[in-house]
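Just so you know, the protein sequences line up as chains W and U, in that order.
Sequential numbering from 1 applies to the first sequence in my numbering.
Sequential numbering from 1 applies to the second sequence in my numbering.
Some hints here could point you the wrong way.
[As the list claims (entries may be wrong)] Lysine-lysine pairs mimicking DSBU-like chemistry, simulated, CA-CA at most 30 Å apart:
#1 K409/U / K291/W
#2 K408/W / K104/U
#3 K363/U / K408/U
#4 K235/U / K84/W
#5 K235/W / K84/U
#6 K97/W / K84/W
#7 K235/U / K235/W
#8 K84/U / K97/W
#9 K237/W / K235/U
#10 K408/W / K363/W
#11 K104/U / K3/U
#12 K363/W / K104/U
These are calculated hints, taken from the structure and not from any lab test.
2 protein chains.
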Amino acid sequence: MTKLKGNLIFGQSGGPTSVINSSAAGVFLEALEHPDIIPRVFGMHHGIEGVLNDDLFDISQEDRQELEYLCGTPSSILGTCRYKLADPDVDDSDYQKILAILRKYDIRYFFYNGGNDSMDTCSKVSRYLRKNDYDCRVIGIPKTIDNDLFGTDHCPGFGSAARYIATSIAEVWHDTHSYNTPMVVIFECMGRHAGWLAGASALAGVIGHGPDLVYLPEVPFDQNKMLEDARRVLKEKNVVLISVSEGIMNRDGQLVAEQLSTLATDAFGHKQLGGTAALLADLVAEELDVKVRGIEFSLLQRAAAHCASGVDIEEAVLAGRTGVRAAIDGASGVMMGYARPDQGPYRCDIIHIPLEEVANREKRVPLDWINAEGNGVTADFIDYALPLIEGEPHQIHENGLPRFAHLKKIAVR
Amino acid sequence: MTKLKGNLIFGQSGGPTSVINSSAAGVFLEALEHPDIIPRVFGMHHGIEGVLNDDLFDISQEDRQELEYLCGTPSSILGTCRYKLADPDVDDSDYQKILAILRKYDIRYFFYNGGNDSMDTCSKVSRYLRKNDYDCRVIGIPKTIDNDLFGTDHCPGFGSAARYIATSIAEVWHDTHSYNTPMVVIFECMGRHAGWLAGASALAGVIGHGPDLVYLPEVPFDQNKMLEDARRVLKEKNVVLISVSEGIMNRDGQLVAEQLSTLATDAFGHKQLGGTAALLADLVAEELDVKVRGIEFSLLQRAAAHCASGVDIEEAVLAGRTGVRAAIDGASGVMMGYARPDQGPYRCDIIHIPLEEVANREKRVPLDWINAEGNGVTADFIDYALPLIEGEPHQIHENGLPRFAHLKKIAVR
């Protein structure tokens, strides 16, 4: 089989993670090793918007060492977006623009790195190009701290956010247990519909410093039950650590955070959440008459490259590198996913998942990984998540601060 | 001179830090190396309350390796307190109890690790023992993330909190700059009256990812000026990062956070602060009509041993070890302080500061280290703080999580 010769473009989309740039490093470094097949490597400035606006970076001109530093640099170095492509059967004007740019720069490898919505974008582009007989390999690279992508065992970004959250909670455990006064701390983790990160906070329990109560959005939240749980633990232990997902909902489907006035809606119709911890802290303080702190991990949890998981970084690089090799070998219309053996020691294998199977679907925490009380996770959850937070971050420091990647970001002419 | 022979007691007091246990390690490990002079080493359970309640731990029975692990373990391993001793001239009942316990266990070395209030406790104990002709060396070991102790160049705990804050802000900088949408983020650092930690957030600017605006409690806070500053930066850069101290006050001396209803008062008459970032975020969102996030570092900033400064850890150990050697050599009624050369490379020397000079005084950020606009710090501040965040944390990991110290905490019989 003759290899498809042409340039490669890579874009980042959706909410950033600590390791999304590790996948970028994987794609870039691998692609640059095949100059006979892929003469030039481009980056999209702000994801698909960069393609629509003919706003691309020439990655081939970047220093290789700086590309390596991407593995210690959080967030989306090329810029991200939350742009939603229209249904091509209704309005194909964006797709026409995209195709024109791909032709203009002879792009034959289209890589898009993101979550559910980004895989939807990727899937639509793939179908449109096929329909229009433009030979281009379209590959999705997964990314989301939420860990909710369908078809893959887990997602790059999750392990690092999980490690940061578990580490931080274990540290705050020491702080709160150093006083002899009763106290409740409520931690708020990201996760609109899936409780993977709140569940991961229980990893701190492996070393005996975990939350006492964990509430996930997979189970309807009952504030009276929570108050009862907290009251019981307070009596037993004097200190209660509670971890919740931002997206916990009451039995009637109403978000606990909905009582806050600052809710807004993003371009995908998702609610912008936050403030659940503060709201619950007020409730607990009032009902239990105890000192309470609400701690929202906010943007910290998805940016904390200094506490990234080494396993997560290596797997993120692997997804990028393997994606390029698979595309060269003919793969297209697929997302690189992860699989692990059913038994035996942890190992991560790359699998191909059709994009249309991933797009717009969500993988939630299995209900049998949540305890019967609905206030914690089971050993199965821990066994699943623990291998994902292993290993040290890939960072060097200057003046005590991380040495982040500096890209030249030279515009493609 | 004959050395004073007797046992040593050590206690931790006030708000915990990432490295207060490093000072404990320093005191314990040094004291255990002098069994001919100091036969036994004790720890106070919850600071001075442990003495008052005859609730002490026998540190001599702890595993040496676990004591080493204290250097990677945040917060006060022995338990802390905020107990305020009465004026001995008014009510000396507590002091009588303390003296009885010192006699009971033949304690001749009294070590207390804390901030301003703890040095007040230490100072009072020292004077009382002298007045009652009980021969005991009383040594204060400094500790506070707030960096506001008088007489010392800086305080153990500050460098680590500063490193965590600067690192986290540099990371969130990447997150917020990955979008092409306008945004304001407001970070809230601890610091009731002194802006050292908010100022330290500017260290992230050394690598080009710092806050645009920094407000310290040393300068009266004008919310209209802040809104004007934010509006200008927003226009220039599209993204504004703002860092504030929890204790910023208006020109009339009212706390910005005072509008919140959750204020309470602790045993020392200090206001319990928090919520300044959330309050300002609401204000900015309303006035500037832009997406805003408030991020409160809360307990994370004083517990984040995983991002501690190596320099801070080593100096915290040094304060403990040097204190023991100084006490054996006759020092008493002093706090171990830090000094650095006026010029040349950074170096930390231990100095002795009389306890009564430290007690109940606060060292605030010099006004000439704050810029003329009152919205940032000068190069002098950076030159001062940067050497304090150098070096890596002293932690080993198991299963991707920190291996914290496990003490047996055997009660003294």
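Hint-by-hint comparison with the structure:
no., hint, result
1, K409/U / K291/W, "27 Å, holds"
2, K408/W / K104/U, "70 Å, violated"
3, K363/U / K408/U, "37 Å, violated"
4, K235/U / K84/W, "26 Å, holds"
5, K235/W / K84/U, "26 Å, holds"
6, K97/W / K84/W, "15 Å, holds"
7, K235/U / K235/W, "53 Å, violated"
8, K84/U / K97/W, "71 Å, violated"
9, K237/W / K235/U, "51 Å, violated"
10, K408/W / K363/W, "38 Å, violated"
11, K104/U / K3/U, "20 Å, holds"
12, K363/W / K104/U, "63 Å, violated"
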